[in-house]
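Asks: Quick note, the sequences are listed as chains A and B, same order.
Adding 21 to a residue's 1-based position in the first sequence gives its number in the working numbering.
Adding 1 to a residue's 1-based position in the second sequence gives its number in the working numbering.
Hints may contain errors.
Calculated lysine-lysine pairs in the BS3-like style (CA-CA distance at most 25 Å, straight line) [to be verified]:
#1 Lys78/A - Lys60/B
#2 Lys69/B - Lys51/B
#3 Lys69/B - Lys27/B
#4 Lys68/B - Lys78/A
#5 Lys68/B - Lys51/B
#6 Lys38/B - Lys69/B
Some, not all, of what chain B presents toward chain A, calculated at C-beta under 10 Å [stated by the list, open to error]:
#7 Gln3
#8 Ser7
#9 Gly16
#10 Glu41
#11 Pro43
#12 Phe45
#13 Tyr75
#14 Leu100
#15 Gly103
#16 Gln107
Simulated from the structure, these hints should not be mistaken for lab results.
Nothing here was measured: the structure is a model prediction, and the numbers come from that model.
Beta carbons: idealized from backbone N, C-alpha and C, even for Gly.
Residue-level listing of the chains:
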Amino acid sequence: KAGVTQTPRYLIKTRGQQVTLSCSPISGHRSVSWYQQTPGQGLQFLFEYFSETQRNKGNFPGRFSGRQFSNSRSEMNVSTLELGDSALYLCASSLLQGSSYEQYFGPGTRLTVT
Amino acid sequence: QQPVQSPQAVILREGEDAVINCSSSKALYSVHWYRQKHGEAPVFLMILLKGGEQKGHEKISASFNEKKQQSSLYLTASQLSYSGTYFCGTGGSGSARQLTFGSGTQLTVLP
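Could you put together the complete structure from these sequences and hints?
Replies: Right, here's the structure in full:
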């Protein structure tokens with residue numbers, strides 16, 4: 022079974038621009054969560070989507086948004102990029118079977134803002 | 002509230018054992034353990050749910066003490082491939098499924 026895929030893997034943007042990252046979950050998984058990883062702040066939760074609905078949102082500004090499509094693929098968008106947005110963005114998919122909800126991470130998108 | 006991991010770093014020789022702890026100030030519903038190697042995504046190791054269960058995966062096992070609000074990851078007879086940063090993530094129940102991660106424990110296994 023194919024794992025979580027994320028595109029693009031690397032991205033360089035300039036301050037003020039916007040960016041869209043894509044995530045395809047494991048087949049059959051309907052929950053997609055997004056995390057930001059930086060050396061200073063570690064792994065931080067951005068938001069979770071399930072069946073095209075945002076279920077949870079982390080403590081990030083409104084410049085960070087996302088959506089999920091009917092095929093469970095998800096995108097996240099960051100508008101008006103700031104230098105501090107440079108990070109590894111990880112998405113994780115989950116089957117949400119019963120009370121157990123293992124999350125499997127994709128390889129991430131390394132975003133550099135200059 | 003971010004869980005606290007200890008130690009922050011540990012260096013050991015192949016074949017030695019290690020324990021990594023994860024403590025939370027909030028009541029825990031689940032604890033998720035991941036290993037991340039440099040430049041790679043975190044890899045899921047195991048999940049422990051409220052109930053004090055212990056799980057094992059080859060030579061890696063973990064315990065979950067809900068009364069103490071902590072979990073421990075046990076690595077026995079370490080192999081070189083065990084090197085990496087270990088993260089614990091704590092999750093809530095119901096719709097609060099997002100994980101709150103500790104700052105990680107860097108494990109280095111030397112030959």
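Asks: Under 10 Å, Cβ to Cβ, is where Gln3/B needs to be relative to chain A, so tell me if that hint holds or is violated.
Replies: Cβ of Gln3/B sits 8 Å from chain A, so the hint holds.
Asks: Taking 10 Å as the limit, does the beta-carbon of Gly103/B come near enough to a beta-carbon in chain A?
Replies: This interface hint holds because 8 Å falls under the 10 Å limit.
Asks: Under 10 Å, Cβ to Cβ, is where Phe45/B needs to be relative to chain A, so tell me if that hint holds or is violated.
Replies: 6 Å, holds
Asks: Straight-line Cα separation of Lys69/B and Lys51/B no greater than 25 Å?
Replies: 12 Å, holds
Asks: Between Lys69/B and Lys27/B, is the straight-line Cα distance small enough, at 25 Å or below?
Replies: 10 Å, holds
Asks: Against the 25 Å threshold, does the CA-CA distance of Lys68/B and Lys78/A hold or violate the hint?
Replies: Cα-Cα ~28 Å, so violated.
Asks: Verify the interface restraint on Tyr75/B: the C-beta must sit less than 10 Å from at least one C-beta of chain A.
Replies: 19 Å, violated
Asks: Is Lys38/B within 25 Å of Lys69/B, Cα to Cα?
Replies: 29 Å, violated
Asks: Can the hint on Glu41/B be confirmed by a CB-to-CB distance to chain A that is less than 10 Å?
Replies: OK, holds: Glu41/B within 10 Å of chain A, min 7 Å.
Asks: Does Ser7/B pass the interface hint, meaning its C-beta sits closer than 10 Å to a C-beta of chain A?
Replies: 15 Å, violated
Asks: At a threshold of 10 Å, is the proposed contact between Pro43/B and chain A supported by beta-carbon distances?
Replies: Interface hint status for Pro43/B: holds (5 Å vs cutoff 10 Å).
Asks: Next item in the hint list is Gln107/B. Is there a CB on chain A closer than 10 Å to its CB?
Replies: The hint is violated - Gln107/B has no Cβ within 10 Å of chain A, the shortest such distance being about 12 Å.
When the structure is compared with the earlier hints, violations turn up for hints 1, 4, 6, 8, 9, 13, 16 and for no others.
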